[in-house]
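Build the full structure now, drawing on both the sequences and the hints.
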Amino acid sequence: MLDTLITGLIHGNAYALVAVGVSLIFGVTNVVNFAQGSLVALGAMTAWWLVVVGHQPLPVVIIGVLLVTGAVGYITDLFAVKPFGKAPPIAALLTTFAASMILDRLSQLVFEPELRSFPEVLPTTNLSIGGVRFGTSDVVMFGLTLLVMGGLAVYLRYGRTGRAIRATAQDTDAAQQMGVPVQRIRTISFVLASALGGLAGIFVALYTGSTSPTAGMTIGLTAFVAATIGGLGSIPGAVVGGFVLGIVEAFGVYQFGDGVRDLITFGLLILVLVFRPAGLFGKVSAIASEPMTGTFLGAGREIRLNAWQWTLVGLIAVVAIPLLASQPMLAVANQVILYAIIAVPMVLLGGSAGQISIGQAAPVAIGAYTSAITVMDLKLPFLVGLLLAGVVAAVVATVLTLPIWRLTGHYVSIATLGIGFVAVSIIRNWDSVTRGAYGITGVPGPRIGDLRLTSAGDYYWLNLAVGIITLLVVLRLRSSHLGTIMASVGSDEVAARSAGVRTRDYKVLAFAVAAFFAGIAGSLLAHENRYLDPTLFPILMSTLALTIIVVGGITSPVGAVVGSIVLVAVPELLRLTPDVRILLYGVVLIAVIRFRPQGLWVRRNA
Amino acid sequence: MSLSRRTLFTGSLAISALAVAGCSTDGATSGATPDTSGPIYFGVSGPKTGVNAEYGKAWDQGFAIALKEINAAGGINGRQVALKWEDSQADPKQSVPIAEKFVADTSIIAELGDFASGASMAASSVYQDAKLVQFGFTNSNPKFTDGGDRMWSTSLTQEHYQIGNVDGILADGHKKVSLLYLQSDWGKTSFDIFSARAKEKGLEILYSTPIQQDGTDFRPVLIRARDANPDAVVHIGYAPDGGLVVKQLRGLGFTKAFYGGQITQQYIEVGGEAAEGTILHDTFLVSDPSPRVAKFVATFRAEYNTDPGFFQVSAYDALTLIVAAAKAGGATREGVFKGLSEKDKKYPTVLLGDFSFNEQRRPAGAPLKKIVVKGGKFVVG
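Chain order of the listed sequences is A and B.
What the first sequence shows, in this note's numbering, is residues 1 to 606, in sequence order.
What the second sequence shows, in this note's numbering, is residues 1 to 381, in sequence order.
Simulated from the structure, these hints should not be mistaken for lab results.
It is possible that part of the hints are untrue.
Unchecked claim - Restricting the straight-line Cα-Cα distance to at most 20 Å, the calculated cross-link-like pairs of lysine to any residue (SDA-like) are: (1) B:84 <-> A:571; (2) B:327 <-> B:108; (3) B:93 <-> A:435; (4) B:143 <-> A:540; (5) B:57 <-> A:109; (6) B:256 <-> A:125; (7) B:93 <-> A:540; (8) B:370 <-> B:257; (9) B:57 <-> A:214; (10) B:176 <-> B:192; (11) B:57 <-> A:112.
In structure tokens, the structure reads:
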């Protein structure tokens, strides 16, 4: 009992220290910084290098880590955050995500990919309470957390720059008018938080006894959850959130095993948000903030194709590709269409209703499993499985997300992120129905009546048909009366509510439609891959779907198709250089959002 | 302005579609006239990035040594041997398009990999349909070779390993264990075999839990494992998680036997002091005095300045063996299959000595050794 508590406290301390950085940046810049975890991992790798390769003493190591992560933080800010200061929040959300991909990959190239032992620059097992050995390192880490929390509190309260930071956080425009150099303050906070992240990296690595260049993703996400539980923007909240998460995880994992760790972490996140919509220490802003997507309606108009252009596109899809493409290229084309089926209806949610989902992998997974189980265990025909996949995905995902639509701003997207993890974790642990981590092999191929589809070329026709139906349904919905109401929710929620629109219900409806088609795509994926396991639905699937609609133009269904051609087909064609594939992908993502923020398929109003 | 841009986008759409179509024609034309003088290619589907990137790196080292030796000795009938690598991240979603690519590329006469059984098995039907040999040399899942007669493996099955493991633990006089296994297809299948054998032979499992491969803090489940008061703690997993498990387990004051980890330098490096005394049941050992092992270890050390691990040796053996098969049966897809199918043919391997395939296209008979970590090295216990 005591030992589990102590374990939880120490682990929670590590979360807390990282979460402080996340919360600091959010408080000042209103940016959810996905790259924070990468900076933590980079700090740990730099420390490893300085000790093991450079044989430097601890003070030099700490200074070195602060300098390196501070500098990298500055560069990250320069390219991935600063240019998007005036853009809607979703821009920086995706660019910091791209930055984290770039940083992890670069670190992997510089330091080699493997997990390695972290040198004991401070003793890690020289003390003991209740049978748990811990070390000076843990005590120092605890002291550091308190120091950082206290130091920041004093600095933000009394320091000149600190007060400027708070002013900027409270009201950017007012601060600017009062002569606060807002941009410089933002940069300073970002560098400060990055250096802090690097320092945290040393202690996190000391605690786990290991480090690797790719450890950042897990650390970042968990710290992000801790910061959200505490209330984004609140420094004491981040510390409390970290400890709460550490302790709940320790007891939960002790009781139910390590297999349900994700379920505990993200389940706690959603539970907290249901009861405290802005986290434990956060305050719900009285005035509804601008939606995550900004008011895109004024930002531009969709590019429209005329009759002969549509004919050309049609000819390419129906004649050229099936005739000329080889099996591998058809497989790529199928991936493109599947992602388009997921992304196109997200336009209703993101573009019209102004809500961001980073959890679309959840309905895809639910649909895939529903369909496979329907066809394999219930012996029903494929088309029934396909339809059920959509219905079950829509119903289950909607029920799971029902409590989150009253949340505002970033909390909605964070909650959907949580849903993505919770759904996959349930599938992984529900062996009796889903076969869990074993995966399902031998999922039968799609079969319509007596027609069996077996090759990538056959699948192409099926996917194309479903894709076209999806596109037509979404285009029709958008131009209908219902679509106009949905759009009113996204463009001005307060006005919509004043006009008697039940905004929450329309958000739910938009999500349900998107989940329905995601489920359908999941069914196609299951029967065409002939194989299913929980690792097929990672967070990257959700972020990719979101990126597709942003790159294509968040208000444009046709743009979503263009987006999936660019983001799914191009990386496949870039496979020639796997080492730089991920790097290029990140760079392209930042560049598109920087230079064509309204999306590829949307023209700016002149 | 708006018109030109519109045209531009339609154009780009058309171009990307043509690019998709265009690549296919390349594959088709090269397929029509097989090249008989250039290099002979083997496709490799394996992880170069992602969580399993380090294993792809290990393969690369083993392959490189094998390639050097094979090509110095004249390749296959005077033609050089080369590899076509595709990064799958050991992900079943990515291994299928790679399989389709390899199948379409007729210069490839056999495929090596994938790293994970799941990723291999997802692609098996593609290889089987095209009659291209899929040589899943690290796929210990017994179901892998059930995929068809083109699925071959030099890897011992999980049954082989876990039965040897249970019997070894009992032979050491232990009666009760706590057990941690990876929450993956491989981990759970191994665990099922382990528990079935344990039940049959009277080894009691007091506590068991799945663990995550990329986990960093295993203390909560290790406290539970320790408090069950077992004779030994067993870990079924890989080197990085094994190293952390043993480190954290010893940090919780557990002093009795630990069975687990993996025979790689990385396990010793991550586990450090705590890895001392770890017991494993496996086949390969760097300190094995047999001349073939000694020669390989010496070559490897000269090249990379470190000891080879299991995956480097497996990769070396796999490529050497499949080249020998191609020499015997002919440097074509059918030839490789014919060569492998030759009854009772013996292949010299580093890992499993003089090697031959059994009916299941798996290694025939290979006893496991008891190996102990002593002084930072793996020695026969």
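Verification of the hints:
1. B:84 <-> A:571: 18 Å, holds
2. B:327 <-> B:108: 15 Å, holds
3. B:93 <-> A:435: 18 Å, holds
4. B:143 <-> A:540: Outside the cut-off at roughly 29 Å; violated.
5. B:57 <-> A:109: 12 Å, holds
6. B:256 <-> A:125: Answer holds: residue 256 (chain B) to residue 125 (chain A) is near 18 Å, not above 20 Å.
7. B:93 <-> A:540: Holds - the C-alpha atoms of residue 540 (chain A) and residue 93 (chain B) are around 13 Å apart, at most 20 Å.
8. B:370 <-> B:257: 14 Å, holds
9. B:57 <-> A:214: Answer holds: residue 57 (chain B) to residue 214 (chain A) is near 15 Å, not above 20 Å.
10. B:176 <-> B:192: Distance of about 17 Å is within 20 Å: holds.
11. B:57 <-> A:112: Holds. Residue 57 (chain B) to residue 112 (chain A) sits at ~9 Å (cutoff 20 Å).
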